[in-house]
Amino acid sequence: MDLAELQAIAVKERSARRQVRIRCCAAAGCLPLGSMKIKEGLDAVVMQAGLRERVNVSAVGCLRLCSAGPLIQIDPDGPLYERVRPEEAASIVRALDGGPPATPQRGDPRQPFFARQRSIVLENCGLVDPDRIESYIEAGGYHALYHVLREMSPGAVVAELSKSGLRGRGGAGYPTGLKWATVAKQPAARKFVVCNADEGDPGAFMDRTVLESDPHRVLEGMAIAAYAVGANEGYIYIRGEYPLAIHRLDTAINEAKRTGLLGSQIFESRFDFKVDIRIGAGAYVCGEETALLHSIQGQRGVPRPRPPYPAAAGLWDLPTLINNVETFANVPPIIRKGGEWFASIGTETSKGTKVFALAGKIRHTGLVEVPMGTTLREIVEEIGGGAPAGTIKAVQTGGPSGGCIPAEHLDTPVDYESLIRVGSIMGSGGMIVMDQETNMVDVAKFFMEFCMDESCGKCIPCRAGTVQMHRLLERISQGLGTRSDLEQLEALCDMVKHTSLCGLGQSAPNPVLSTLRYFRHEYEDLIRDGAARRGSPVKKGTGPIISGPAPARASPAQLGHSPGLERGE
Amino acid sequence: MPVKTLTINGKPQSAREDQTILAVAREAGIWIPTLCHLEGTTDVGACRLCLVEIAGVGRLLPACVTKVEEGMSIETDTPRLREYRRMIIELLFAERNHVCSICVANNNCELQELAISLGVDHIRLDYLNPVCEVDISHPRFGIDHNRCVLCTRCVRACDEIEGAHTWDVAGRGIQARVITDLNQPWGTSMTCTSCGKCLQACPTGAIFAQGSTVAESRHDRGVLAFLVTAREKKQWIV
Chain U
1 MDLAELQAIA VKERSARRQV RIRCCAAAGC LPLGSMKIKE GLDAVVMQAG LRERVNVSAV
61 GCLRLCSAGP LIQIDPDGPL YERVRPEEAA SIVRALDGGP PATPQRGDPR QPFFARQRSI
121 VLENCGLVDP DRIESYIEAG GYHALYHVLR EMSPGAVVAE LSKSGLRGRG GAGYPTGLKW
181 ATVAKQPAAR KFVVCNADEG DPGAFMDRTV LESDPHRVLE GMAIAAYAVG ANEGYIYIRG
241 EYPLAIHRLD TAINEAKRTG LLGSQIFESR FDFKVDIRIG AGAYVCGEET ALLHSIQGQR
301 GVPRPRPPYP AAAGLWDLPT LINNVETFAN VPPIIRKGGE WFASIGTETS KGTKVFALAG
361 KIRHTGLVEV PMGTTLREIV EEIGGGAPAG TIKAVQTGGP SGGCIPAEHL DTPVDYESLI
421 RVGSIMGSGG MIVMDQETNM VDVAKFFMEF CMDESCGKCI PCRAGTVQMH RLLERISQGL
481 GTRSDLEQLE ALCDMVKHTS LCGLGQSAPN PVLSTLRYFR HEYEDLIRDG AARRGSPVKK
541 GTGPIISGPA PARASPAQLG HSPGLERGE
Chain S
1 MPVKTLTING KPQSAREDQT ILAVAREAGI WIPTLCHLEG TTDVGACRLC LVEIAGVGRL
61 LPACVTKVEE GMSIETDTPR LREYRRMIIE LLFAERNHVC SICVANNNCE LQELAISLGV
121 DHIRLDYLNP VCEVDISHPR FGIDHNRCVL CTRCVRACDE IEGAHTWDVA GRGIQARVIT
181 DLNQPWGTSM TCTSCGKCLQ ACPTGAIFAQ GSTVAESRHD RGVLAFLVTA REKKQWIV
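Those protein sequence lines, which keep their order, are chains U and S.
If you count the first sequence from 1, position 461 lands on 461 in our numbering, and the numbers rise without skipping.
If you count the second sequence from 1, position 40 lands on 40 in our numbering, and the numbers rise without skipping.
Extracted from the complex, chain U is given alone in its bound form:
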């Protein structure tokens, strides 16, 4: 493979284009709604109508507005059809051929949901066919790798990354250039590059979508990273719950090998790189880098204390570069357009864009990519269209490690530092919107239950502390809590946060701490109302006396309760 061959593939792919291209979303959001049936239907109708010379139908990655799926978009000029049903395929094709307007609901591609986004990571998402390497090459793919291998030194690649200001998209925001430089400086002869695709936060689906929609971009980013740090072997650690992403990655790796873009002497340089997939078995903690490395090595997925950091002693104690899917996906455009270009987007400390998975009580659920520094309000109200019923109460970012940001802080710009200041974190990009119906104590309890279930059991504070915190939250949410329970909960939060071994335990108290910071009154109301409910029957001597913890929330009637006392203490 050389540059001429790469360009020939792109030219051939371009010449095979038809005048009209129907793009069907074939990502995990639309597939279960029958998007492949729609594609087959469209293929059949195009064939029958004799339009094969003019129209082609392709399965592409995510078209982003998941809540309106299955989605279909038509090039040129991009009409968008929402909630398409398989039987409507014929009407869409007829409309193309001068027939009556198609029956499915027309979406507006110029609505703020699309217009306010800026795509770097998702630039090919919904445009290229993820199963065909030619489609990615035609979109400019693997040109950055050629440039790097033939025209740049490894040091220059690291310098470009440092200049870009890219920070780790897995959540912690460690400067990517610095991480690469650290691994590059290790003297070891054998090093590894690992892609962390163990996306496990509830409500997060950014990495899954990137892998399902544009898998080659991640492979290209990994290959560039491997060249920069001096590694020849890579692993993609992906969770087993993502069968489609695994399948597409597998296809992508085989296609890249076949085309000579992975393997030995890539682009006739002296650089060899091979990539293997490792599939996680469902442990959230395996997203923690040291647990992930243990898992790749075939051991029990538990974290170990750092240092030594994986950059010094990772896989089989050899220097290992670990980056998240989205971090690698940012690499090819940075090489293509330069670090300075990337650094011109975003804020002083957070450069580039960030992909968020919008979910929860919001009108437009789906995938959004916005420049760093965009405010939460722009994301949830303008792009996301606000809460369908009522007003937004809070936005949860960062998954179980993050926090709930109340509506009064919606003008906070999205960057690593600002989100920490309001008690949350950037995290990997899950964004769950809550409206006034949401009880914040229940939210805290949900995340605590998640952490309790996902604790690996190695260190005591996380293993036993999360269980105790969950019990206290359960008690408070049932109206059986006391003020001393709340004090104990806060003491446990402080202790688990500061003594746990890995990030899971250290951040497990965050949802409680952030809801206590902004919605403390909800905890206190539950305690006060519960005490009033339990106190009144005993005082009046009419209801049953409850000894020990009550089995569940008892109704006021059961307790012989007088409604007048409900709010009093």
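Do not rely on the hints blindly, as some may be mistaken.
To be verified - Coverage of chain S stretches by chain U, computed from C-beta distances (three or more under 8 Å per stretch; other residues unrestricted):
hint, region
1, 44-53
2, 91-104
3, 123-129
4, 173-181
Said to hold, decoys possible - In silico DSSO-like pairs for lysine-lysine, Cα to Cα no more than 27 Å straight-line:
hint, chain 1, residue 1, chain 2, residue 2
5, S, K4, U, K185
6, S, K67, U, K497
7, S, K67, U, K185
What the hints assert, rightly or not - Computed far set for chain S versus chain U, every beta-carbon distance over 12 Å:
hint, residue
8, R16
9, Q19
10, C36
11, N107
12, N108
13, I116
14, Q184
15, P185
16, M190
17, V214
No lab work stands behind these hints: they were computed from the structure.
Backbone N, C-alpha and C fix where the C-beta goes; we use that ideal spot for every residue, glycine too.
Given chain U's structure and the hints, the job is docking chain S onto it.
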């Protein structure tokens, strides 16, 4: 080998460059509580009792796996650390069914000693009272999961000193258990050599010799360290 100087609780100390904070503190006679640490085996930093404060470091670090550095200023016994350690011990007592009065290790138990040293006179948390198994299928030993604190000392002693790797950990979170072979009764284990090193390694009465009754269990931790020293340094110091 270069020597580092540092201060622990305000007192200057010297250390070899490869030493951990815990090793230096022990040499200097400074007590730092530990539970998962066992002389002769690899440290895992899991119990978090040996966390110490280091000036200029934002987070607490486990003394057992943190190497000394020149000029380190370490505090091992602040009110905050004492409170955290106390809570860790309380969490352990609440997690399983630790009843000293009927335990083989009574008066010879590291958990009990830690509780006394750290001033744990009552448990402020809910007891979880889990239902735990007792496996006495082995002809000589037994394991009572009610008393296990998951320090994994048995796992490491069996793997690193005996070389059998009969023990391992299964399950996650609060459901985690030490297991023999592929989670089968200890008595049916094909790898167990019945050497009893796990018994010596166990800090509580979880692993016990059959036939011993209340307060009869005597662990000899020294025998494990002796074996390792003898093997690695060819020194037969009893």
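>> According to the definition I'm using, a residue is off the interface if its beta carbon is farther than 12 Å from all beta carbons of the partner; does S:N108 meet that for chain U?
In response: 22 Å, holds
> Just checking, S:V214 versus chain U, shortest CB gap more than 12 Å?
Replying inline: 26 Å, holds
>> Would the hint linking S:K4 and U:K185 be met if the CA-CA limit is 27 Å?
In response: Holds, at about 26 Å.
> Would the least Cβ to Cβ distance between S:N107 and chain U come out above 12 Å?
Replying inline: 23 Å, holds
> Does S:P185 really sit off the interface, with its C-beta more than 12 Å from all C-beta atoms of chain U?
Replying inline: 21 Å, holds
> Looking at S:C36 again, its CB stays over 12 Å from all of chain U?
Replying inline: About 9 Å separates S:C36 from the closest Cβ of chain U, which leaves it inside 12 Å; violated.
> Are at least 3 residues of the region 123-129 of chain S within less than 8 Å of chain U when you compare beta carbons?
Replying inline: holds (count 4)
> Between S:K67 and U:K497, does the CA-CA distance stay at or below 27 Å?
Replying inline: 23 Å, holds
>> Using Cβ atoms and 12 Å as the threshold, tell me whether S:I116 really stays out of contact range of chain U.
In response: 18 Å, holds
> Given as covered by chain U, does the region 91-104 of chain S meet the bar of three residues or more with CB within less than 8 Å?
Replying inline: Three-residue rule met by the region 91-104 of chain S, so holds; n is 4.
> Does S:Q19 really sit off the interface, with its C-beta more than 12 Å from all C-beta atoms of chain U?
Replying inline: Since the minimum Cβ distance to chain U is about 15 Å, S:Q19 lies beyond 12 Å and the statement holds.
> Are three or more residues of the region 44-53 of chain S within 8 Å, CB to CB, of chain U?
Replying inline: It holds: at least three residues are needed, and the region 44-53 of chain S offers 6 whose Cβ sits within less than 8 Å of chain U.
Of the numbered hints given earlier, the model fails hint 10 alone.
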